[in-house]
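Protein chains: 4
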Amino acid sequence: MSFIKTRDNRDIYYEVHGDCENPPLMILNGIMMSTASWAGFIGDFTKHFRLILMDFRDQGKSSRESVQYPIEIHVPDILSLLDELSIDKINLVGLSYGGQVAQLFALDSPGRLKTLILANTPARISPFLAELGEAWKEAAKLEDGERFFSLAIPFIYSDLFYNNNLQWLKARQKAFKNLLDAAWFQGFIRLASSNPDFNVLDRIGKITCPTLLLCADRDIITPLEEMEPIHERIKGSELLVIHNAGHGAFLEKTAEFITAVTGFILKNS
Amino acid sequence: MSFIKTRDNRDIYYEVHGDCENPPLMILNGIMMSTASWAGFIGDFTKHFRLILMDFRDQGKSSRESVQYPIEIHVPDILSLLDELSIDKINLVGLSYGGQVAQLFALDSPGRLKTLILANTPARISPFLAELGEAWKEAAKLEDGERFFSLAIPFIYSDLFYNNNLQWLKARQKAFKNLLDAAWFQGFIRLASSNPDFNVLDRIGKITCPTLLLCADRDIITPLEEMEPIHERIKGSELLVIHNAGHGAFLEKTAEFITAVTGFILKNS
Amino acid sequence: MSFIKTRDNRDIYYEVHGDCENPPLMILNGIMMSTASWAGFIGDFTKHFRLILMDFRDQGKSSRESVQYPIEIHVPDILSLLDELSIDKINLVGLSYGGQVAQLFALDSPGRLKTLILANTPARISPFLAELGEAWKEAAKLEDGERFFSLAIPFIYSDLFYNNNLQWLKARQKAFKNLLDAAWFQGFIRLASSNPDFNVLDRIGKITCPTLLLCADRDIITPLEEMEPIHERIKGSELLVIHNAGHGAFLEKTAEFITAVTGFILKNS
Amino acid sequence: MSFIKTRDNRDIYYEVHGDCENPPLMILNGIMMSTASWAGFIGDFTKHFRLILMDFRDQGKSSRESVQYPIEIHVPDILSLLDELSIDKINLVGLSYGGQVAQLFALDSPGRLKTLILANTPARISPFLAELGEAWKEAAKLEDGERFFSLAIPFIYSDLFYNNNLQWLKARQKAFKNLLDAAWFQGFIRLASSNPDFNVLDRIGKITCPTLLLCADRDIITPLEEMEPIHERIKGSELLVIHNAGHGAFLEKTAEFITAVTGFILKNS
Chain U
1 MSFIKTRDNR DIYYEVHGDC ENPPLMILNG IMMSTASWAG FIGDFTKHFR LILMDFRDQG
61 KSSRESVQYP IEIHVPDILS LLDELSIDKI NLVGLSYGGQ VAQLFALDSP GRLKTLILAN
121 TPARISPFLA ELGEAWKEAA KLEDGERFFS LAIPFIYSDL FYNNNLQWLK ARQKAFKNLL
181 DAAWFQGFIR LASSNPDFNV LDRIGKITCP TLLLCADRDI ITPLEEMEPI HERIKGSELL
241 VIHNAGHGAF LEKTAEFITA VTGFILKNS
Chain H
1 MSFIKTRDNR DIYYEVHGDC ENPPLMILNG IMMSTASWAG FIGDFTKHFR LILMDFRDQG
61 KSSRESVQYP IEIHVPDILS LLDELSIDKI NLVGLSYGGQ VAQLFALDSP GRLKTLILAN
121 TPARISPFLA ELGEAWKEAA KLEDGERFFS LAIPFIYSDL FYNNNLQWLK ARQKAFKNLL
181 DAAWFQGFIR LASSNPDFNV LDRIGKITCP TLLLCADRDI ITPLEEMEPI HERIKGSELL
241 VIHNAGHGAF LEKTAEFITA VTGFILKNS
Chain L
1 MSFIKTRDNR DIYYEVHGDC ENPPLMILNG IMMSTASWAG FIGDFTKHFR LILMDFRDQG
61 KSSRESVQYP IEIHVPDILS LLDELSIDKI NLVGLSYGGQ VAQLFALDSP GRLKTLILAN
121 TPARISPFLA ELGEAWKEAA KLEDGERFFS LAIPFIYSDL FYNNNLQWLK ARQKAFKNLL
181 DAAWFQGFIR LASSNPDFNV LDRIGKITCP TLLLCADRDI ITPLEEMEPI HERIKGSELL
241 VIHNAGHGAF LEKTAEFITA VTGFILKNS
Chain R
1 MSFIKTRDNR DIYYEVHGDC ENPPLMILNG IMMSTASWAG FIGDFTKHFR LILMDFRDQG
61 KSSRESVQYP IEIHVPDILS LLDELSIDKI NLVGLSYGGQ VAQLFALDSP GRLKTLILAN
121 TPARISPFLA ELGEAWKEAA KLEDGERFFS LAIPFIYSDL FYNNNLQWLK ARQKAFKNLL
181 DAAWFQGFIR LASSNPDFNV LDRIGKITCP TLLLCADRDI ITPLEEMEPI HERIKGSELL
241 VIHNAGHGAF LEKTAEFITA VTGFILKNS
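Protein chains in written order, with UniProt numbering: chain U, 1 to 269; chain H, 1 to 269; chain L, 1 to 269; chain R, 1 to 269.
Bear in mind the hints are in silico, worked out from the structure with no lab data behind them. No false leads were slipped in.
Since the list gives no way to pick out one identical chain from another, each pair is judged satisfied if it fits inside one copy or across any two copies.
30 Å max Cα-Cα, derived DSSO-like pairs, lysine-lysine:
hint: 1; residue 1: Lys174; residue 2: Lys137
hint: 2; residue 1: Lys47; residue 2: Lys206
hint: 3; residue 1: Lys89; residue 2: Lys206
hint: 4; residue 1: Lys170; residue 2: Lys235
Note that the structure is predicted; figures quoted are calculated from it, not measured.
My request is simple: use the sequences and hints to build the entire structure.
Below, the structure written as structure tokens:
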């Protein structure tokens with residue numbers, strides 16, 4: 001169990017997997033995720049990369065906060081972790097909320113990025129997304145993992161994933177009952193309240209490192225229309241679409257996700 | 001205020017608008033709707049039709065039930081209303097849940113149909129849709145209109161509708177607070193529990209009256225993929241797509257909805 | 001056989017079908033079409049409309065030109081025909097090239113329009129469309145109906161239409177052999193050369209009459225992306241999508257085409 | 001200039017680029033292509049692969065045939081080349097026609113495949129595709145590169161590519177004038193006549209090596225609907241969609257193409 005201590009005395013949990021000779025790949029979680037979400041990816045990613053996972057504040061094994069903070073709070077934590085690991089330039093993958101953090105990091109510390117992969121992530125919180133955030137917070141306030149799953153998860157996975165993986169999902173719903181405690185829900189609410197005004201559309205064009213956008217054509221949280229403006233603004237960026245997947249494309253179509261991430265980083269190594 | 005009395009002594013509320021010389025058009029509501037939802041359509045529809053609106057049991061001004069029933073319960077109510085109004089053959093529009101009832105009616109009483117229009121409605125409850133039903137019931141159990149709106153409505157309207165009509169939606173959310181009382185929520189839960197096994201895919205091919213399917217390309221509740229099997233099975237059926245609209249297409253794109261309904265019925269009159 | 005004589009002494013062929021008490025509906029042909037293309041639509045359209053068909057110069061039974069002209073040449077011909085028929089305001093449907101003429105007519109004579117329906121038509125000739133025009137002219141220069149069909153028609157109808165109607169298409173290809181003579185091809189080339197710079201995007205917003213846009217989701221000649229700018233610019237315009245159809249949607253999905261046209265005009269009558 | 005001599009005494013041209021320690025990657029051309037089409041890819045692909053390019057009979061620098069042959073003729077040529085290069089198992093990329101050959105090779109010699117990537121390629125010649133083949137043969141019979149380009153290429157590249165790259169395309173059209181001689185056109189016609197009955201849908205499920213399907217969402221020659229049946233039949237296959245690209249996706253979106261190919265092969269190495 002590895003942690004870094006932040007300047008404000010918080011513990012940020014992280015994991016490092018794979019050979020330190022390999023190019024470093026750091027993944028930033030989506031809002032409901034944690035380092036544990038990547039267990040099934042370690043084998044594939046460590047074939048070619050030194051994989052670095054971390055939990056944001058209020059996520060997984062990292063410290064819980066007690067007052068509200070803006071999403072920008074995570075940026076120095078990433079920098080601290082890179083410094084701790086003596087990584088000069090990182091290949092950074094950000095999913096959804098993690099992708100928003102990744103955009104902020106790219107704008108803040110361009111010199112520390114080798115490549116950037118934004119998966120199912122927007123450059124702004126649209127009115128719809130803001131309302132969805134409110135819905136999720138409403139669901140979280142119930143502080144009941146099973147009901148939270150019932151209310152929030154149908155937005156995440158595509159109808160096709162539900163239709164084909166119902167038993168797995170029902171088992172997962174049961175697991176949420178035990179996994180998610182009051183502290184988790186309170187942390188979730190703070191994370192979900194950290195980015196209501198997130199909008200980097202005006203600045204995103206300043207990103208110059210090789211950038212890949214990973215979209216999914218049944219993602220209703222960050223539909224293609226919300227990712228195309230990023231593609232237009234980041235010169236030379238690439239965009240690949242994972243077919244028949246929703247916002248949880250990394251899990252719905254794990255193989256395609258790994259293919260795209262692996263190819264983009266190695267091509268640019 | 002007009003009601004018919006059913007054989008089991010329930011009151012079914014209905015409204016008749018427009019000239020009785022005009023072809024009759026009956027609309028069956030979606031699960032969260034009532035006759036009041038159609039106020040803005042009366043002007044356009046009565047130009048050419050005698051418009052008949054009704055509230056299902058547990059909807060609007062109709063009687064509340066106290067025990068669970070299957071969705072089939074509504075079919076004889078429609079027949080009774082047609083008899084009451086001395087209408088031999090009806091042009092029937094069914095939205096979502098109302099479209100499921102319309103399919104059952106078409107299979108039960110083919111002789112009473114002139115044309116059938118199924119808008120944003122499936123021929124089966126997919127696993128995803130069943131889970132969505134559970135989510136909505138969970139939200140309804142809170143018996144709080146504002147929170148219900150927050151949790152359930154983002155599935156109904158498209159992201160584009162949210163992005164362009166946020167103030168209207170927020171006002172509507174406030175209105176839900178007062179409009180929806182405990183009786184409404186209990187009725188909603190019974191309606192939402194009446195069709196878990198709904199599946200007429202095997203029988204739908206028996207429908208022979210002119211049929212129009214109205215879809216919306218951002219409808220995540222009844223996506224095109226769930227309506228195409230109906231199109232394939234009902235010989236000669238037509239299918240039109242309302243662009244950039246969600247499950248609430250009738251309200252998101254009212255004009256297009258009226259155009260399609262008007263054209264299809266008059267063409268077949 | 002009815003003709004009007006234009007001021008420059010050309011004969012414009014037209015047909016009038018149906019009851020003169022009905023609202024008048026005029027259809028403007030696509031570039032490869034003629035009044036004969038609408039034979040299968042007369043029955044349905046005359047149920048509610050007085051149907052007026054016409055051949056543009058260089059089309060069908062109208063006079064052939066000998067020198068090149070701009071697409072605007074057709075506008076006064078339409079006016080003359082309306083005057084001849086004592087029609088003050090017309091419901092105008094324009095398909096593809098005919099839709100471009102309809103846009104010019106709407107901008108030129110707004111007072112003569114009741115409603116406007118633009119089917120599978122762009123507001124500008126994109127570079128791609130210009131190259132397609134060149135390809136078609138190249139094919140026309142062969143002056144061989146069968147080869148012209150082979151080279152040009154796969155752009156018109158969707159792959160699905162080919163896959164489901166191959167025999168009809170092959171028979172039609174044979175018919176082209178006899179139907180299309182040198183005069184036809186020369187006329188076609190002039191028509192196809194009349195609009196290389198067509199672009200009314202800047203002006204189209206001035207159209208104020210009720211307008212419906214009919215699109216098809218497999219139309220590669222005028223894809224949705226080329227029709228959405230019209231939708232955005234004409235305030236209050238409606239847009240319906242015919243599913244699984246190509247540029248020849250009026251023929252691939254005749255029933256849906258008639259439904260939409262009928263509904264839109266009658267709703268606005 | 002390297003050639004292998006086939007058993008029937010033909011010369012098959014091939015090129016080998018990059019380090020022989022790297023995993024071998026062989027690319028099979030589309031019907032209008034040749035080894036020269038890949039000049040711009042050599043730099044990126046040799047970073048990680050030993051790149052093997054070849055011209056089919058009747059393509060590029062390989063021997064011209066004089067009588068018609070079936071598409072299966074190319075399979076032993078690939079085997080001979082692999083033997084010549086002492087390659088036991090190959091990573092095979094097939095584009096369009098080359099993808100059809102790749103499928104035949106995979107069914108014929110499963111033991112010689114490491115991975116298979118099928119880009120913009122169908123498992124059967126649909127009626128539409130057969131007609132398109134006829135159109136291309138008709139265009140080829142003119143034996144004029146400029147007119148051939150005008151008539152055939154608008155099917156290949158997306159409208160967006162035309163709209164954004166018109167000058168490059170016009171220059172290319174001019175180049176075709178000189179590049180394509182009578183021998184080229186006759187070879188093209190034989191290639192285009194070699195696969196009218198190609199249909200491996202019944203057998204494709206036997207492919208067991210890791211397989212990636214690369215599609216493009218504006219590809220009208222091999223639309224997603226023609227590639228999804230392959231995805232369904234080859235167990236564990238992956239599918240990625242290149243957005244806003246046509247049949248020529250490898251050239252329209254070179255970067256995304258290289259990312260996907262690189263990632264899939266290295267992940268499986």
